[in-house]
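Trainee: Protein chains in written order, with the working numbering: chain A, 1 to 277; chain B, 278 to 865.
The set of hints was computed from the structure by calculation and includes no laboratory data.
It is possible that some hints are incorrect.
Said to hold, decoys possible - Chain A regions said to be covered by chain B (calculated; three or more residues, Cβ under 8 Å):
id: 1; stretch: 37-47
id: 2; stretch: 67-74
id: 3; stretch: 87-94
id: 4; stretch: 265-277
As the list claims (entries may be wrong) - Pulled from the structure, derived: some chain B residues nowhere near chain A, Cβ distances all over 12 Å:
id: 5; residue: E312
id: 6; residue: A370
id: 7; residue: Q534
id: 8; residue: S541
id: 9; residue: Q666
id: 10; residue: Y828
Unchecked claim - Restraint-style ranges between C-beta atoms, simulated for each label pair:
id: 11; chain 1: A; residue 1: N108; chain 2: B; residue 2: A831; range: 34 to 40 Å
id: 12; chain 1: B; residue 1: L712; chain 2: A; residue 2: N108; range: 50 to 56 Å
id: 13; chain 1: B; residue 1: G740; chain 2: A; residue 2: D90; range: 32 to 38 Å
id: 14; chain 1: B; residue 1: A739; chain 2: A; residue 2: S264; range: 32 to 38 Å
Heads up, the beta-carbon is just placed ideally off N, CA and C, and yes, glycines get one too.
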Amino acid sequence: MNLAQSDTFKAADYRSGVSPIWCPGCGDFHVLLSFTKALAELGTAPENVAVISGIGCSSRIPAYTNCYGFHGVHGRALPLGAGLKVARPDLTVFVMSGDGDGFSIGGNHFLHACRRNVDLTYVVMDNQVYGMTKGQPSPTTEPDWDSALSPGGTGLRPFHPLVIALASGANFVAREFSGDIKSTTRTIVEAVRHPGFSFVEILSPCVTFRPDEKAWKNQVHVAAVQATDDPARAARRIMTDDGFNTGVLYRGARKPYDQHVKDSFADPAILEPEFAI
Amino acid sequence: MMPNEAPHSTRRSISFAIVGSGGAGALTAGAILMEAAGKAGWYGIMNRSVGAQIRGGEAAALVRLSTRPVDCMTGSFDILIAIDWHNANRFAAEMPLAPDGLVIGDPANGDVPETIAGPGVSQAYIPFKELAGSLAGGRENMIAVGLFVGLMGLPIETVTSVIADKLSEKGEQAIETGCRCVQIGVQQAAQLGSSFTLETPATSQTGRWLITGNEAVGLGAVRGGIRFAAAYPITPATEVLEWLAPALTKVGGTLVQAEDELASISMAIGASFGGRPSITATSGPGLALMVESLGLAAASEIPIVVVNVMRGGPSTGIPTKSEQSDLNIAVYGCHGDAPRIVVAPLSVADCLFAAQWAVHLAEAMQVPTIVLSDQSLGQAQVVVDPPTQLAFIARRAVVETVEDEGYQRYALTGSSVSPMALPGTTGGQYTADGLSHTVKGIPSSNNLDHQSQLDKRHNKIAGFDYGNHWASIEDNGVAGADADFTILTWGSLTGAAREAMATLADEGIGVTLVAMRLIAPLLKDKLVAALEGAQRILILEQTHSGQFRQYLRANCDLPGEVQHFHRAGPQLIGPAEICTRIRNWRAS
Numbered sequence: 001m002n003l004a005q006s007d008t009f010k011a012a013d014y015r016s017g018v019s020p021i022w023c024p025g026c027g028d029f030h031v032l033l034s035f036t037k038a039l040a041e042l043g044t045a046p047e048n049v050a051v052i053s054g055i056g057c058s059s060r061i062p063a064y065t066n067c068y069g070f071h072g073v074h075g076r077a078l079p080l081g082a083g084l085k086v087a088r089p090d091l092t093v094f095v096m097s098g099d100g101d102g103f104s105i106g107g108n109h110f111l112h113a114c115r116r117n118v119d120l121t122y123v124v125m126d127n128q129v130y131g132m133t134k135g136q137p138s139p140t141t142e143p144d145w146d147s148a149l150s151p152g153g154t155g156l157r158p159f160h161p162l163v164i165a166l167a168s169g170a171n172f173v174a175r176e177f178s179g180d181i182k183s184t185t186r187t188i189v190e191a192v193r194h195p196g197f198s199f200v201e202i203l204s205p206c207v208t209f210r211p212d213e214k215a216w217k218n219q220v221h222v223a224a225v226q227a228t229d230d231p232a233r234a235a236r237r238i239m240t241d242d243g244f245n246t247g248v249l250y251r252g253a254r255k256p257y258d259q260h261v262k263d264s265f266a267d268p269a270i271l272e273p274e275f276a277i
Numbered sequence: 278m279m280p281n282e283a284p285h286s287t288r289r290s291i292s293f294a295i296v297g298s299g300g301a302g303a304l305t306a307g308a309i310l311m312e313a314a315g316k317a318g319w320y321g322i323m324n325r326s327v328g329a330q331i332r333g334g335e336a337a338a339l340v341r342l343s344t345r346p347v348d349c350m351t352g353s354f355d356i357l358i359a360i361d362w363h364n365a366n367r368f369a370a371e372m373p374l375a376p377d378g379l380v381i382g383d384p385a386n387g388d389v390p391e392t393i394a395g396p397g398v399s400q401a402y403i404p405f406k407e408l409a410g411s412l413a414g415g416r417e418n419m420i421a422v423g424l425f426v427g428l429m430g431l432p433i434e435t436v437t438s439v440i441a442d443k444l445s446e447k448g449e450q451a452i453e454t455g456c457r458c459v460q461i462g463v464q465q466a467a468q469l470g471s472s473f474t475l476e477t478p479a480t481s482q483t484g485r486w487l488i489t490g491n492e493a494v495g496l497g498a499v500r501g502g503i504r505f506a507a508a509y510p511i512t513p514a515t516e517v518l519e520w521l522a523p524a525l526t527k528v529g530g531t532l533v534q535a536e537d538e539l540a541s542i543s544m545a546i547g548a549s550f551g552g553r554p555s556i557t558a559t560s561g562p563g564l565a566l567m568v569e570s571l572g573l574a575a576a577s578e579i580p581i582v583v584v585n586v587m588r589g590g591p592s593t594g595i596p597t598k599s600e601q602s603d604l605n606i607a608v609y610g611c612h613g614d615a616p617r618i619v620v621a622p623l624s625v626a627d628c629l630f631a632a633q634w635a636v637h638l639a640e641a642m643q644v645p646t647i648v649l650s651d652q653s654l655g656q657a658q659v660v661v662d663p664p665t666q667l668a669f670i671a672r673r674a675v676v677e678t679v680e681d682e683g684y685q686r687y688a689l690t691g692s693s694v695s696p697m698a699l700p701g702t703t704g705g706q707y708t709a710d711g712l713s714h715t716v717k718g719i720p721s722s723n724n725l726d727h728q729s730q731l732d733k734r735h736n737k738i739a740g741f742d743y744g745n746h747w748a749s750i751e752d753n754g755v756a757g758a759d760a761d762f763t764i765l766t767w768g769s770l771t772g773a774a775r776e777a778m779a780t781l782a783d784e785g786i787g788v789t790l791v792a793m794r795l796i797a798p799l800l801k802d803k804l805v806a807a808l809e810g811a812q813r814i815l816i817l818e819q820t821h822s823g824q825f826r827q828y829l830r831a832n833c834d835l836p837g838e839v840q841h842f843h844r845a846g847p848q849l850i851g852p853a854e855i856c857t858r859i860r861n862w863r864a865s
């Protein structure tokens, strides 16, 4: 893939002047950088990009971009984004979220967004913890992770977002590590270009509440496989990997959602004959 | 006992019911009679009453025909025809017969049940099953149609043309058999004699509309500019969404079926953020799920319309029956101070007006707007004159171009409405946010930012010119000393109030009606002015706890003596009860 920067826009053109609230060392800074680099590569003007989010540390990202943004309520970013894309198919729509927002309170929307296959890109910054509320276990946290809210751990099996995305019908599935900016940038570009619902999970360490995640940079590795278009094969690979395989894992060919609001409208008077007797 | 008196003078209005077990065709019979009467120049209203069973339960069509436009049922029925008596007891309370009423059953089904046959009510027996069985493919409900046609004097040729139209897909044979059954019914009616002949309408004009409240809401919304809908099915609001689905496609919009109401309101907000006027429709349980996002729409100033077709509550309540008990959640439902508009249609036909006005208000003020309809309006079908075109078209203040870096999405303006930049507008980029924010939309916990944005959201609604649409203020033509009653109500009870006023006018009792269409904001000054000099005010509402009265009293003082007539659904407050209430008050 050609990763040359577009002539029109640089990554900095997609940044707003607002300073992130994130802790120093947060993986989300890298996601923001990769995201803006990907937009520059895509060359889409900032005003034609919409970044939709929910609640949590990662969901603060829209205000840090120079795109149109929507920082909504907790868990509802996907339907906000789907409504926008269906109403305005001309826009490039990103939904950006975290593991609590996207997989816990918004879990049902995740399933149905994969099924619906609206042409948008869903980026989840997964740090396996609720950071904004200062360190509670999320759906992707290990069962024995000790915290004030769940002393000794939740004892619950972690949620497996990639497999669930596959089973629910997502058209593009990838895992990246926030620290690998080059690969993350390339994958976001590909996710946008791939038709339908594209899901990119980015392992993004929370250095404050999960300092152990600083070790992720040594654990991640590029998946030693080519992306497949067979969901069963992709599911087997993901189910049996160590959770640190990165790269594009699945590219599907399912037809994207194709009902959109048009640019011009007929006179509603055409609806009235059915009522006349 | 057979009623065998000679025909009496004609009637201006007749109410009738046809009941049967599910599949007996009671609803089809009602629909045929409504359409035929509408074509022949009468007005009408029809409610369908069905049990909770999906199939095979009881079903009743409750119809009122009149030479004048009608907004409600009368509360008692002149004629009841039962194809069978299965489960009819469940309907007994819903269809009390008038003292001079007539009930007709099939002798094969036994006597008219005690719960149906009141004192003075005439009874007649017609062998529906046997008569229908005499024709191959004959249907009992078509015999019943013929009986009604004969008893009321509807033109048989209009009825047969409606049958031909409705049964066109079933073929020539079905149409011919249907029409033969109707003729048999008419002959039977002739043997009964009738005191139920309808007055001939003044004009037998064509071009009237047959429409339900839920369809009228949908049409009003599309006329107002709605081009996106998000949907999650719920009784009794589903028909709004089912009507919108193909309608929006035809005009270039679309409807998305969502996974739940949390998603449907969010999709509507997302689409509206993109610049498309957007709607969703639900009932109480769905509205309860939506309130968090109503707050988001209020805070981020994204216009949306939420139609709430009320049913009995709380919790699952009575899904198929009407109540007005979502007033509180519509007006107040949300954490924080989240101003919104609440509009209530005053009749089935007014559903169109209310919905179209709601779109206009939502878009003009960039505010969430709730249309508070209810089951008795939404699922009722009426014959009405074609509605006029209204001037309410969505016109949102948007910025076309942004010249410099200084665009303020939430600028404090004179009207408190700030022009919105739509995605795609160069230089207008901002982040819509549920967080408290600055004029540029940047998150802020600063006291002044919070206060000024709360003021802005309040002021844009408080300062808007709602014209005279906030209420319908009517009198019943009786002037002078006796004109001292005022009925103060809202929404669907307006029809019953109007009917009561007409009856009381004949008795020389003057009544003024103040029927509120704009529930929130409460235009206190206009309400106080409308009630100025009122001596006896009767507040009417269909809630158990008296939510409407509490809302009024929390906001303003009411003059004179005040009485309060309220009760929960499903038994709707009817015109006769209102008359009794006012007569008794007058006599006390």
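Trainee: Flag every earlier hint the structure violates by its number, smallest first.
Mentor: 5, 7, 8, 9, 12
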